[in-house]
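Use the sequences and the hints to build the structure in full.
For the sequence shown, position 49 (counting from the first letter as 1) is numbered 149 according to my numbering, and the numbering increases by one without interruption.
One or more hints might be untrue.
Unchecked claim - In silico SDA-like links for lysine to any residue, alpha-carbon gap of 20 angstroms or less:
no. : residue 1 : residue 2
1   : Lys160    : Val242
2   : Lys160    : Glu239
3   : Lys143    : Lys160
4   : Lys143    : Asp184
5   : Lys160    : Lys233
6   : Lys118    : Trp134
7   : Lys232    : Glu166
8   : Lys117    : Leu162
9   : Lys143    : Glu196
10  : Lys117    : His158
11  : Lys118    : Glu129
12  : Lys143    : Asp283
13  : Lys188    : Ser229
14  : Lys143    : Glu121
15  : Lys118    : Lys160
16  : Lys160    : Ser238
17  : Lys282    : Cys113
18  : Lys143    : Asn106
19  : Lys287    : Thr142
20  : Lys287    : Phe257
21  : Lys118    : Ala105
22  : Lys188    : Leu259
23  : Lys282    : Asp110
24  : Lys160    : Arg240
25  : Lys282    : Val107
26  : Lys287    : Asp110
27  : Lys117    : Phe133
28  : Lys188    : Leu228
29  : Lys188    : Gln222
30  : Lys282    : Glu129
31  : Lys117    : Glu128
32  : Lys233    : Glu211
33  : Lys160    : Val266
34  : Lys188    : Arg256
35  : Lys199    : Ser234
36  : Lys287    : Asp262
37  : Lys232    : Ser192
38  : Lys199    : His158
Quick caveat, the hints were computed from the structure, so don't treat them as lab data.
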Amino acid sequence: MMFLANVLNDPVCQPIKKPYERWYTFMEETIEFWLPDSVWHTKTHCARVLLLALLIGHQKGLSEEEKDALGMAAVFHDSRRLDDGIDKGHGSRAAEYYKDYCREHDLPYDEQTYYITYYHDQDDSLGLSEIKKSSSLSERAVLLYQIFKDADALDRFRLGPDALDVNFLRTEEAHRLVDFAKDLLRKSSETNA
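Laid out in structure tokens, this is it:
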């Protein structure tokens, strides 16, 4: 059973259904999580972040390559957690896992994905300054970082009804998806029950 199949039939999800299914299958079949018994940072969480990132990316009119960068970041971003706390550094470990994975499996490596994954657990000021410092990244990498951080933030409802402060969302699209994200969490909980 494809995770979130009940959500994917929603008309809003139709344009991203195929890439979502492709990335979800890739994660399920190939990505190893260090904390498989995690309560908060599961493949289920990553699947919701994947869906939200692709939705925002689609609404922003991103290219397929840019949406793929978000998809890759979503499936790797919490794969190298050591605990369910803040675990500063899990982003850098996941980014290194992503880079090594690409090299070992002869997959195309994307520097934007690396930076998004690496800095997703850091304050925006640090993540954005590091992205801007990189000569190989364009302004688009800033947008992708912001979209990814918003997608990850929108799944904070799993931590409690007041876990998301919408004032910290970076994109207009994310603000419009707050109720969708609450519904997404509810529907994914029903799926796993």
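So, going through the hints one by one against the coordinates:
Proximity of Lys160 to Val242 is assessed by CA-CA distance (about 13 angstroms); at most 20 angstroms being required, the pair is judged to hold. Proposed proximity of Lys160 and Glu239 is supported: the alpha carbons are some 14 angstroms apart, at most 20 angstroms. Under the criterion of a C-alpha separation no larger than 20 angstroms, the hint pairing Lys143 with Lys160 is inconsistent with the structure, at around 25 angstroms. This hinted pair checks out: Lys143 and Asp184 have alpha carbons roughly 13 angstroms apart, not beyond 20 angstroms.
The suggested pairing of Lys160 with Lys233 is violated, with an alpha-carbon distance near 24 angstroms, which exceeds 20 angstroms. Proximity of Lys118 to Trp134 is assessed by CA-CA distance (about 27 angstroms); at most 20 angstroms being required, the pair is judged violated. Simply put, Lys232 and Glu166 have alpha-carbon atoms about 17 angstroms apart, close enough for the 20 angstroms limit, and the pair holds. Pair hint Lys117 plus Leu162 holds up; C-alpha atoms about 15 angstroms apart against a cutoff of 20 angstroms.
With a CA separation close to 18 angstroms, the supplied pair Lys143 and Glu196 stays within the 20 angstroms bound. Between the alpha carbons of Lys117 and His158 the distance comes to roughly 11 angstroms, so the proposed pair stays at or under 20 angstroms and holds. Simply put, Lys118 and Glu129 have alpha-carbon atoms about 17 angstroms apart, close enough for the 20 angstroms limit, and the pair holds. Distance hint between Lys143 and Asp283 is fulfilled; the C-alpha atoms sit about 18 angstroms from each other, no more than 20 angstroms.
Among the hinted pairs, Lys188 with Ser229 is consistent with the structure: their alpha-carbon atoms are about 18 angstroms apart, no more than 20 angstroms. Among the hinted pairs, Lys143 with Glu121 is consistent with the structure: their alpha-carbon atoms are about 14 angstroms apart, no more than 20 angstroms. For the suggested pair Lys118 and Lys160, the alpha carbons sit about 18 angstroms apart, so the restraint of at most 20 angstroms is met. Taken as a hint, the Lys160 and Ser238 pair is honoured in the structure, with Cα atoms around 17 angstroms apart against an allowance of 20 angstroms.
Proximity of Lys282 to Cys113 is assessed by CA-CA distance (about 15 angstroms); at most 20 angstroms being required, the pair is judged to hold. Between the alpha carbons of Lys143 and Asn106 the distance comes to roughly 17 angstroms, so the proposed pair stays at or under 20 angstroms and holds. The hinted pair formed by Lys287 and Thr142 meets the criterion: a straight-line CA distance of about 16 angstroms does not exceed 20 angstroms. As the CA atoms of Lys287 and Phe257 are separated by approximately 13 angstroms, the hinted pair is consistent with the 20 angstroms bound.
Between Lys118 and Ala105, the direct Cα distance comes to roughly 12 angstroms. Compliance with the 20 angstroms bound is thereby established for this hinted pair. With a C-alpha separation of about 18 angstroms, the suggested pair Lys188 and Leu259 falls inside the 20 angstroms cut-off, and the hint holds. For the hint pairing Lys282 with Asp110, the CA-to-CA distance comes to about 15 angstroms; that is within 20 angstroms, so the pair holds. With a C-alpha separation of about 11 angstroms, the suggested pairing of Lys160 with Arg240 holds against the 20 angstroms cut-off.
Restraint check: the Cα-Cα separation between Lys282 and Val107 comes to about 12 angstroms, which is no more than 20 angstroms; the hinted pair holds. Taken as a hint, the Lys287 and Asp110 pair is honoured in the structure, with Cα atoms around 12 angstroms apart against an allowance of 20 angstroms. With a C-alpha separation of about 24 angstroms, the suggested pairing of Lys117 with Phe133 is violated against the 20 angstroms cut-off. For the given pair, Lys188 sits about 17 angstroms from Leu228 by alpha-carbon distance, which is consistent with the 20 angstroms threshold.
A C-alpha spacing of about 8 angstroms is found between Lys188 and Gln222, which places the hinted pair at or below 20 angstroms, so the restraint holds. For the proposed pair Lys282 and Glu129, the alpha carbon gap of about 27 angstroms is over 20 angstroms, so the pair is violated. Only pairs whose Cα atoms come within 20 angstroms are accepted, and Lys117 paired with Glu128 is accepted, the gap being roughly 16 angstroms. Using a Cα cut-off of 20 angstroms, the hinted pair Lys233 and Glu211 holds, with the two alpha carbons roughly 13 angstroms apart.
A hinted pair counts as satisfied when its Cα atoms are at most 20 angstroms apart, and Lys160 with Val266 qualifies at roughly 19 angstroms. For the hint linking Lys188 to Arg256, the alpha-carbon distance of about 17 angstroms falls within 20 angstroms, and the restraint holds. Taken as a hint, the Lys199 and Ser234 pair is honoured in the structure, with Cα atoms around 17 angstroms apart against an allowance of 20 angstroms. With a CA separation close to 19 angstroms, the supplied pair Lys287 and Asp262 stays within the 20 angstroms bound.
Restraint check for Lys232 and Ser192: satisfied, since their Cα atoms lie roughly 17 angstroms apart, inside the 20 angstroms limit. With a CA separation close to 25 angstroms, the supplied pair Lys199 and His158 exceeds the 20 angstroms bound.
Consistency note: the structure conflicts with the earlier hints numbered 3, 5, 6, 27, 30 and 38.
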